[in-house]
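Undergrad: One letter stands for each residue in the lines below.
Number of protein chains: 2
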Amino acid sequence: LDEAVKLLLQLKETYKKVTGQDYKSGSPPSEVTSTSGNGPTATTEDDDVVDPWTVATSNAKGIDYDKLIVRFGSSKIDQELIDRIERVTGQRPHHFLRRGIFFSHRDMHQILDAYENKKSFYLYTGRGPSSESMHVGHLIPFIFTKWLQEVFDVPLVIQLTDDEKYLWKDLKIEECYRFAIENCKDIIACGFDVNKTFIFSDLEYMGESPGFYKNVVKIQKHVTFNQVKGIFGFTDSDCIGKISFPAIQAAPSFSSSFPQIFNGRKDIQSLIPCAIDQDPYFRMTRDVAPRIGHSKPALFHSTFFPALQGAQTKMSASDPNSSIFLTDTAKQIKNKINKHAFSGGKDTIEEHRKFGGNTDVDVSFMYLTFFLEDDEKLEQIRKDYSSGALLTGELKKYLIDILQPLIAAHQERRKQVTDDVIKQFMTPRKLAFDF
Amino acid sequence: LDEAVKLLLQLKETYKKVTGQDYKSGSPPSEVTSTSGNGPTATTEDDDVVDPWTVATSNAKGIDYDKLIVRFGSSKIDQELIDRIERVTGQRPHHFLRRGIFFSHRDMHQILDAYENKKSFYLYTGRGPSSESMHVGHLIPFIFTKWLQEVFDVPLVIQLTDDEKYLWKDLKIEECYRFAIENCKDIIACGFDVNKTFIFSDLEYMGESPGFYKNVVKIQKHVTFNQVKGIFGFTDSDCIGKISFPAIQAAPSFSSSFPQIFNGRKDIQSLIPCAIDQDPYFRMTRDVAPRIGHSKPALFHSTFFPALQGAQTKMSASDPNSSIFLTDTAKQIKNKINKHAFSGGKDTIEEHRKFGGNTDVDVSFMYLTFFLEDDEKLEQIRKDYSSGALLTGELKKYLIDILQPLIAAHQERRKQVTDDVIKQFMTPRKLAFDF
Numbered sequence: 270l271d272e273a274v275k276l277l278l279q280l281k282e283t284y285k286k287v288t289g290q291d292y293k294s295g296s297p298p299s300e301v302t303s304t305s306g307n308g309p310t311a312t313t314e315d316d317d318v319v320d321p322w323t324v325a326t327s328n329a330k331g332i333d334y335d336k337l338i339v340r341f342g343s344s345k346i347d348q349e350l351i352d353r354i355e356r357v358t359g360q361r362p363h364h365f366l367r368r369g370i371f372f373s374h375r376d377m378h379q380i381l382d383a384y385e386n387k388k389s390f391y392l393y394t395g396r397g398p399s400s401e402s403m404h405v406g407h408l409i410p411f412i413f414t415k416w417l418q419e420v421f422d423v424p425l426v427i428q429l430t431d432d433e434k435y436l437w438k439d440l441k442i443e444e445c446y447r448f449a450i451e452n453c454k455d456i457i458a459c460g461f462d463v464n465k466t467f468i469f470s471d472l473e474y475m476g477e478s479p480g481f482y483k484n485v486v487k488i489q490k491h492v493t494f495n496q497v498k499g500i501f502g503f504t505d506s507d508c509i510g511k512i513s514f515p516a517i518q519a520a521p522s523f524s525s526s527f528p529q530i531f532n533g534r535k536d537i538q539s540l541i542p543c544a545i546d547q548d549p550y551f552r553m554t555r556d557v558a559p560r561i562g563h564s565k566p567a568l569f570h571s572t573f574f575p576a577l578q579g580a581q582t583k584m585s586a587s588d589p590n591s592s593i594f595l596t597d598t599a600k601q602i603k604n605k606i607n608k609h610a611f612s613g614g615k616d617t618i619e620e621h622r623k624f625g626g627n628t629d630v631d632v633s634f635m636y637l638t639f640f641l642e643d644d645e646k647l648e649q650i651r652k653d654y655s656s657g658a659l660l661t662g663e664l665k666k667y668l669i670d671i672l673q674p675l676i677a678a679h680q681e682r683r684k685q686v687t688d689d690v691i692k693q694f695m696t697p698r699k700l701a702f703d704f
Numbered sequence: 270l271d272e273a274v275k276l277l278l279q280l281k282e283t284y285k286k287v288t289g290q291d292y293k294s295g296s297p298p299s300e301v302t303s304t305s306g307n308g309p310t311a312t313t314e315d316d317d318v319v320d321p322w323t324v325a326t327s328n329a330k331g332i333d334y335d336k337l338i339v340r341f342g343s344s345k346i347d348q349e350l351i352d353r354i355e356r357v358t359g360q361r362p363h364h365f366l367r368r369g370i371f372f373s374h375r376d377m378h379q380i381l382d383a384y385e386n387k388k389s390f391y392l393y394t395g396r397g398p399s400s401e402s403m404h405v406g407h408l409i410p411f412i413f414t415k416w417l418q419e420v421f422d423v424p425l426v427i428q429l430t431d432d433e434k435y436l437w438k439d440l441k442i443e444e445c446y447r448f449a450i451e452n453c454k455d456i457i458a459c460g461f462d463v464n465k466t467f468i469f470s471d472l473e474y475m476g477e478s479p480g481f482y483k484n485v486v487k488i489q490k491h492v493t494f495n496q497v498k499g500i501f502g503f504t505d506s507d508c509i510g511k512i513s514f515p516a517i518q519a520a521p522s523f524s525s526s527f528p529q530i531f532n533g534r535k536d537i538q539s540l541i542p543c544a545i546d547q548d549p550y551f552r553m554t555r556d557v558a559p560r561i562g563h564s565k566p567a568l569f570h571s572t573f574f575p576a577l578q579g580a581q582t583k584m585s586a587s588d589p590n591s592s593i594f595l596t597d598t599a600k601q602i603k604n605k606i607n608k609h610a611f612s613g614g615k616d617t618i619e620e621h622r623k624f625g626g627n628t629d630v631d632v633s634f635m636y637l638t639f640f641l642e643d644d645e646k647l648e649q650i651r652k653d654y655s656s657g658a659l660l661t662g663e664l665k666k667y668l669i670d671i672l673q674p675l676i677a678a679h680q681e682r683r684k685q686v687t688d689d690v691i692k693q694f695m696t697p698r699k700l701a702f703d704f
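As they're listed, the protein sequences go chains L and S. Taken in order, the first sequence gives residues 270 to 704; the numbers are from our numbering. Taken in order, the second sequence gives residues 270 to 704; the numbers are from our numbering.
Every clue listed holds true.
Below are the BS3-like pairs computed for lysine-lysine, each with C-alpha atoms no more than 30 Å apart in a straight line: (1) Lys498(L) to Lys498(S); (2) Lys438(S) to Lys565(L); (3) Lys438(L) to Lys692(L); (4) Lys565(L) to Lys441(S); (5) Lys646(L) to Lys330(L); (6) Lys330(S) to Lys623(S); (7) Lys388(L) to Lys699(L); (8) Lys438(S) to Lys498(L); (9) Lys387(S) to Lys345(S); (10) Lys438(L) to Lys535(S); (11) Lys441(S) to Lys699(L); (12) Lys652(S) to Lys666(S); (13) Lys692(L) to Lys535(S).
Short, incomplete list of chain S residues facing chain L, as computed with Cβ under 10 Å: (14) Asp432; (15) Tyr435; (16) Gly480; (17) Phe481; (18) Tyr482; (19) Gln489; (20) Val492; (21) Thr493; (22) Val497; (23) Lys498; (24) Thr504; (25) Asp505; (26) Ser506; (27) Asp507; (28) Ser513; (29) Ala516.
In case anyone wonders, no lab produced these hints; they're calculated from the structure. Glycine included, each C-beta is placed from N, C-alpha and C at the ideal position.
Just need the whole structure built from these sequences, with the hints factored in.
TA: Structural data, given as structure tokens:
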């Protein structure tokens, strides 16, 4: 019964987010009000919901990202920008860029202009440690950030928002901090360079930094409750911790939050790779930045990594069958993909051979776009599956054969992460860059 | 013109606080709504206004403190409590207690019960550094706190809310911090023992303490916007910094905010001496305390120190003629008292001799109740002034003769406060107590 009530309340909340109206039995919603990017939640005409706490769509292909760009007022990552990145860095653009997985940006041309003029920037990304286990989808921003750090050779700061999780979840402070440390191990296992990377827990770093809290207070002075109500949909019943939290996620966008790294300089611009649902935090940050004498952070936005069950929702760390976890065994990976990965194939082999499968909704194929680096092979699979030459089981096998060694290697690297290594990454210190 | 507009806006604001209605020319206010101590501002029937930002009354004798006790739900400091303090400490109660300057408390009997059972507590008080100069009224909580520390021999923490001043005033962070340091010198000059006292700036200590921010977040999780709206009168147009600030003033009430001093223990109760206008912060703190596993702070509340112009308002650090400043010369002290101190005397010497003066509204006499320790002499002055035997000029001379050496001695002690002494007081460290 509890489960059913919970589901009902959740549905009512989603209803309210999508329609902007309270659910009333027997009374269909009136027309959806456009929020023009300023409303608490971005909803497109076909009722996609995207904010830091909810990502939902009724479309099996997933969120309509082109509409989201218009609504959020960001810029599409077009071929021209991708070509320019290749020119400036001398490196082939990452397949996340080539395939539109990172699809939207803010001010990337400004970052590249400055970079060409030998003016440096830094990378800032983060993670909300809501449990000790991360899934493959959580790797996306870190894989891309690692690539960016390597091709641009810049400092990187990674925020673990354990305070946020404490405020939003029914967890103790100590649990949230423990999750932060566990997640930190997975992040380190992605292969970041300890000489160029600083990872921090909010709960810990706030009490260690002469710059972080000052920036938090500066931001908090320049954002009203009306504004966070508009951007995040907070209400009068929300705790004051949630209401003021956006300033905590905003502060690492400013280099003076890290005086050890930037030698007290406040003029180093940040570039933030993140999933598009985090954009509301940084729209707010960009609004405040010039008013407190800082440059606006630039952004790279990614699409969402689909749940095994389909692209309608983001994966949930709390549902073990919604995703492949970084702790899964080879056998679990195989079983989950075979059993749960939503298929674009036809009901019978005969029909499949005749009509072909649909890669637009096939989750295994979507996962391959994230993890199979070889463009030609991916295109071959797409063609073969669409024509019916490739069966669903065969498609799934490609994915299993990629994910099993990828995750095994991750687990191997994670084992090497000792307490001492964690301490090195998490100690406020100068990095291998002079400012 | 600017001044006049500022005054008008201020009056309109006060009007709104008192009546709960917007000012409208030619339309008198309807009946005042009682807020029963839960409203944003405590107003008594005769329209006293008391909150952390406004203290105002139309009564020349000042605020009606008995009504405030009922409204705030605190307890009167009665003779029984004063006698008990004398019994427990073996010391004659401070004249601030004997004369009702500290007139209200919360849970003092609990503190004394525990103290008698050899269970320690600590003192917590503070100051909002809104300018570099403090006036004599600002000394009251510190004089009393010093006495408490000496008779009970307990640790003391003093919070300088430079972050609050940054949020509320049109000042830069650097200015607020500088004011904190300047005020710190005046506080040290009161004679606190460096081995038993920790003074901290919020802006600085937040980045130095492994315990402070964690308590702030815990408090912020357990207080909603609705609650701070009710307690402090915040609106949707207020910045999120103001909205979440009450947690910052609450956190030092909990011993785990000072792990260096209390060895990580969270069970040491605090006793907070403060002016009654700060009580809303601690009503909120006491409400949260049991829900996060801490004991409620006990409180001592003082009356307000009257402005030279009369007891209707608290003094303002921004109006040089409203008070005696700790930087005033002997000549300035004399001139200010003679020129600005509101007199309860009659218009002519003849009338004064015949009808006598009114010590209930005479500011010089009120100041003497704060600074003249000799009870008998004070009573003699009261009688003589009331009978007309003592003229206003003579009464003022008594006050001048007390304040001139008192402030000269303060200035002398303040000169001795070197940067090194400030650093000693402000360094997070163990004090001369074992926990």
